[in-house]
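In the order they appear, the protein sequences are chains A and B.
When we follow the working numbering, the leftmost residue of the first sequence carries the number 1, and every step to the right adds one.
When we follow the working numbering, the leftmost residue of the second sequence carries the number 1, and every step to the right adds one.
Don't read these hints as lab results, they were simulated from the structure.
Built from N, CA and C at the ideal position, the CB exists for glycine as well.
A few of these clues could be false.
Derived pair list, reagent style SDA-like, types lysine to any residue, alpha-carbon separation capped at 25 Å [to be verified]: (1) Lys110(A) x Glu316(B); (2) Lys110(A) x Glu313(B); (3) Lys180(A) x Asp165(A).
Not close to chain B: a few residues of chain A, all C-beta gaps over 12 Å, as computed [unchecked claim]: (4) Met45; (5) Arg52; (6) Phe63; (7) Ile95; (8) Lys110; (9) Tyr188; (10) Thr202; (11) Phe281; (12) Asn303.
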Amino acid sequence: MPEIQYREALNQAMAEEMRRDENIFLMGEEVGFYNGAYKVSKGLMEEFGERRVVDTPIVEEGFAGIGIGAAMAGLRPIIEFMTWNFSLVAIDQLINSAAKLRYMSGGQVKLPIVFRGPGGAAHMLAAQHSQALESYYCHVPGLKVIAPATPYDAKGLLKSAIRDDNPVIFMESELLYGTKGEVPEGEYTIPIGVADIKRQGTDVTIVAWSKMLFKALEAAEALAKEGISAEVIDPLTLRPLDEDAIIASVRKTHRLVVVQEGWPFCGVAAEIACRVYEKSFDWLDAPVKRVTNMDVPMPYAKNLEKIVLPSAEKIVQAVREVMYK
Amino acid sequence: MLLSKDQLIDLYRKMYLIRRFEEKCAEAYTQQKIGGFCHLYIGQEATAVGSLAAIKPGDYVFTAYRDHGHPLVMGSDPGKIMAELYGRSGGICRGKSGSMHLTDVERGFMGGHAIVGTHTALAAGAAFASKYRNEDNVTLCFFGEGAVNAGVVHEAFNMAVLWRLPVIFICENNRYGMGTPVERASAIYDIAQKGCAYDMARFHIDGMNVLEVYEQVKKAVDMARNLSVPTFIEARVYRFMGHSMSDPSHGHYRTKEEWEAQKKQDPIANLFNKLSKDGVMNEEMKKEIEAEIEKVVSDAVAFADASPWPGQETIEEDIYA
């Protein structure tokens, strides 16, 4: 199987879907002539032209709204945010329009639209450019939220997101764009809402997604040397959450650590922990532990940034705590 | 461009339909059959009716939360609209919209939208879709003068001109954004000039004169359809009721004198006077139309009264496709 970069996997997904369906177009800042701020859309302008690869002014609310309006009228837009941090300018359109119009119209409006871009911290980008905002969007019924970690998952899920008839929030990562992984050459999709067990284990369940998956896998490797067998689950889709997969794993291992980049208060990790408490309390042998960002805006300084973020060491420590070791 | 006798009479019929329908809404609201926020269009009927006479099936229409009139004019079932205002299962949006978010996709009515200004971008998006598919449909987007200071409106204006989108932005300037007069909210009072920065075709019209509205909007519609360019029209209007049902029509931020003077410029009465002078309509025809509309409206109320409440099982429906 060929190894390709995460950004290439996303690029392939978009190109293949755009070839398949004339109604799909890509819109966002620098997606066209510049070939994408992170080169995710490289070559798409050349292949599909200005009609279907649309460079916008720097107006997230405006072009998010144009995308939603185009979807209302039957097109299938892919809207790129240069980063999810900038989506906060457009959050009204995502929450008050994209997530609501189908419901408020009693099912008349269909909104097949994908909003995608990188989220979370990269390196030394300080407080406004380092936010993991999945909790914001996961909060809202009417949206689906996907955050894949590997090139394989990214391609298969982006294709599913583009084919989905609902607004999908698709969160990538600056630090993942250059990572490589095996991606088959043929056509495939990955279903939305289905978790993937990334490493089998028996002693503790670690749930992690996006780039935190790799921290969790690194921790699992270290734990194996201590004789602790960790099962690592990537939910892939955060809304709708595959809680059955997580609960099944916890009922096997009896211990849970949830890793989430971003703030702890009202975070996705808190939601996962709560669901496990509600549905599997009696199976737990220890309280659930969360490993998240510290509850602070992201500092710029390199050493401080490292302290704020989850790390494999912090995950290992959290696992030791739930193992009472 | 000239309207036939039947078309002229139809303008009158539609304006009168909105008027009577909304008088019934006011009644039903005071009887607590309608809840929530309820913004009446009474006084501004000429703008919707004249504008919507200038478009054809397949075109898209967006408006803000003062949205009862537009779908009525576009042929939505008045009973389903009234049932929606009642929050009943027979409502056009199954009781999930209420007054502010009425939608009838089949007829091209893409909704009332209740976050001020945001739907201007949605409307530009629908126009983008028409152009993308190389169709000759146009989009009409109505909003109040309270919206024109919002950033998203200017984002939509800019991209509409930049990409030559076939959209007509119609600002219904009723002078007050809720209770705040335009002079206290906007740095310039000549709202049409807000299109200047984008070099967008722009003009104002008397939004209380349905014939003028039709003629001027038709010009913009033809430009959008044939040349794919947007236009910004400021329709100067006056609402005869309060901002919403919980706002008095005068005495708070509008003087009684101002309100009474404006009420004398009733767009429906004015149209009748013009049409009767021109020999198009007479008192007898007026009575016939009134009787016809009375039945339509009372049937709508009866339908809403009889429509059951939505079942609990519908709560979780229509969230996802």
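Exercise for the section: Could you work out which earlier hints the structure fails to respect and list their numbers in ascending sequence? Expected result: As far as the earlier hints go, 3, 5, 6, 7 and 8 are violated by this structure, in ascending order.
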